[in-house]
Amino acid sequence: MFPPPTGNRNHPARRLSGSLTALPFIHPTNGGDAGRLESGTSHPPHFHLQGTRMNIISPDHDGTSLRIGIVQARFSNEIGSAMLTVCTEKLIALGVAEADITVATVPGALEVPLVLQNMAASGDYDALIALGAVIRGETYHFELVSNESGAGVSRVGLDFNIPIANAILTTENDEQAHARIREKADDAAVVAVECANLVNRLSQNFPA
0 MFPPPTGNRN HPARRLSGSL TALPFIHPTN GGDAGRLESG TSHPPHFHLQ GTRMNIISPD
60 HDGTSLRIGI VQARFSNEIG SAMLTVCTEK LIALGVAEAD ITVATVPGAL EVPLVLQNMA
120 ASGDYDALIA LGAVIRGETY HFELVSNESG AGVSRVGLDF NIPIANAILT TENDEQAHAR
180 IREKADDAAV VAVECANLVN RLSQNFPA
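Quick note: the sequence shown uses numbering that gives the first Met the number 0, first residue 0, plus one each step.
FYI, nobody ran anything at the bench for these hints, they're computed from the structure. Treat the hints with caution; some may be incorrect.
As the list claims (entries may be wrong) - Quick list of the computed label-pair ranges, beta carbon to beta carbon:
1) Asp186 - Asn146: 35 to 41 Å
2) Glu171 - Pro58: 42 to 48 Å
3) Ile91 - Ser202: 24 to 30 Å
4) Glu171 - Ala103: 26 to 32 Å
5) Glu142 - Val102: 25 to 31 Å
6) Arg135 - Ser202: 36 to 42 Å
7) Glu174 - Ala150: 23 to 29 Å
8) Asp123 - Asp173: 30 to 36 Å
9) Leu113 - Glu142: 28 to 34 Å
10) Ala120 - Thr63: 21 to 27 Å
11) Asn199 - Val102: 17 to 23 Å
12) Val102 - Val198: 17 to 23 Å
Said to hold, decoys possible - Here are the simulated lysine to any residue pairs, SDA-like style, with alpha carbons at most 25 Å apart:
13) Lys183 - Asn204
14) Lys183 - Arg52
15) Lys183 - Glu77
16) Lys89 - Gln175
17) Lys183 - Glu193
18) Lys183 - Met53
19) Lys89 - Cys194
20) Lys183 - Asp99
21) Lys183 - Phe74
22) Lys89 - Glu174
23) Lys89 - Asn54
24) Lys89 - Arg181
25) Lys89 - Asn204
26) Lys183 - Thr84
27) Lys89 - Leu143
28) Lys183 - Thr63
29) Lys183 - Ile134
30) Lys89 - Thr63
We put the CB at the ideal spot given by N, CA and C, even for glycine.
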């Protein structure tokens with residue numbers, strides 16, 4: 000368990016006072032007042048910790064009314080296009096309206112962060128998704144593209160306080176990429192919806 004913050008009196012964890020705090024799971028080992036957060040529960044139980052009560056934010060995978068932006072790199076387009084199909088199908092299955100999904104394509108993974116940045120700056124989206132594949136070749140270019148693309152995607156999310164599910168595959172060969180299409184694209188949709196709902200809820204409890 001992470002220690003409590005010690006320096007900043009305005010840190011959200013110091014200002015809870017019965018408000019919300021996010022924990023991914025709780026597995027109590029000794030009886031008492033503790034309980035277990037079961038998968039899929041919409042109203043988790045209260046837990047006692049040193050005389051205080053905590054509210055657990057359960058994962059919310061309801062995509063209704065969420066607006067999602069997707070940027071797909073066309074390099075290795077067969078893989079990227081397949082990922083796009085899987086990802087959008089999953090978003091719709093989670094309740095995201097087809098009209099609330101915007102898709103843009105770019106030449107390669109290095110161009111993805113710039114378009115994500117413009118989408119984030121517009122304020123029109125609750126979450127973003129990056130799709131594509133970078134497959135190792137015989138030069139250092141693989142490391143350059145993978146590292147710069149990944150860092151750029153992360154920076155956009157932090158700079159604009161918007162969840163971004165990065166599903167740009169980085170693999171040794173085509174076979175590895177094809178094997179990961181469905182899993183990673185499906186996961187990206189789930190991550191985008193869950194984190195969009197979480198950030199939206201936290202912003203309501205801790206407005207800037």
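Results for each hint:
1. Asp186 - Asn146: 35 to 41 Å: violated, 21 Å
2. Glu171 - Pro58: 42 to 48 Å: Violated: the Cβ-Cβ distance is about 32 Å, outside 42 to 48 Å.
3. Ile91 - Ser202: 24 to 30 Å: Hint holds: Cβ distance 25 Å, inside 24 to 30 Å.
4. Glu171 - Ala103: 26 to 32 Å: With Cβ atoms ~28 Å apart, the hint holds.
5. Glu142 - Val102: 25 to 31 Å: holds, 28 Å
6. Arg135 - Ser202: 36 to 42 Å: Given a distance of about 39 Å, which is inside 36 to 42 Å, the answer is holds.
7. Glu174 - Ala150: 23 to 29 Å: holds, 27 Å
8. Asp123 - Asp173: 30 to 36 Å: Cβ of aspartate 123 to Cβ of aspartate 173: about 35 Å, so the range 30 to 36 Å holds.
9. Leu113 - Glu142: 28 to 34 Å: Once the Cβ atoms are compared, 20 Å apart, the range 28 to 34 Å for glutamate 142 and leucine 113 is violated.
10. Ala120 - Thr63: 21 to 27 Å: Holds, since alanine 120 and threonine 63 (Cβ atoms, about 25 Å apart) stay within the stated range.
11. Asn199 - Val102: 17 to 23 Å: holds, 22 Å
12. Val102 - Val198: 17 to 23 Å: Holds: the Cβ-Cβ distance is about 22 Å, inside 17 to 23 Å.
13. Lys183 - Asn204: Violated - the C-alpha atoms of asparagine 204 and lysine 183 are around 31 Å apart, more than 25 Å.
14. Lys183 - Arg52: violated, 36 Å
15. Lys183 - Glu77: Holds, at about 15 Å.
16. Lys89 - Gln175: Holds. Lysine 89 to glutamine 175 sits at ~22 Å (cutoff 25 Å).
17. Lys183 - Glu193: This hinted pair holds, its Cα atoms lying about 15 Å apart.
18. Lys183 - Met53: Judged against 25 Å, a Cα distance of about 33 Å means the pair is violated.
19. Lys89 - Cys194: It holds: about 15 Å lies between the C-alpha atoms, which stays within 25 Å.
20. Lys183 - Asp99: Holds, at about 21 Å.
21. Lys183 - Phe74: Holds, because 17 Å separates the two Cα atoms, which is no more than 25 Å.
22. Lys89 - Glu174: holds, 23 Å
23. Lys89 - Asn54: violated, 29 Å
24. Lys89 - Arg181: Cα-Cα ~10 Å, so holds.
25. Lys89 - Asn204: violated, 29 Å
26. Lys183 - Thr84: OK: lysine 183 and threonine 84 at ~12 Å, within 25 Å.
27. Lys89 - Leu143: The given pair, whose Cα atoms are some 31 Å apart, is violated under the 25 Å limit.
28. Lys183 - Thr63: holds, 22 Å
29. Lys183 - Ile134: holds, 15 Å
30. Lys89 - Thr63: Within the cut-off at roughly 13 Å; holds.
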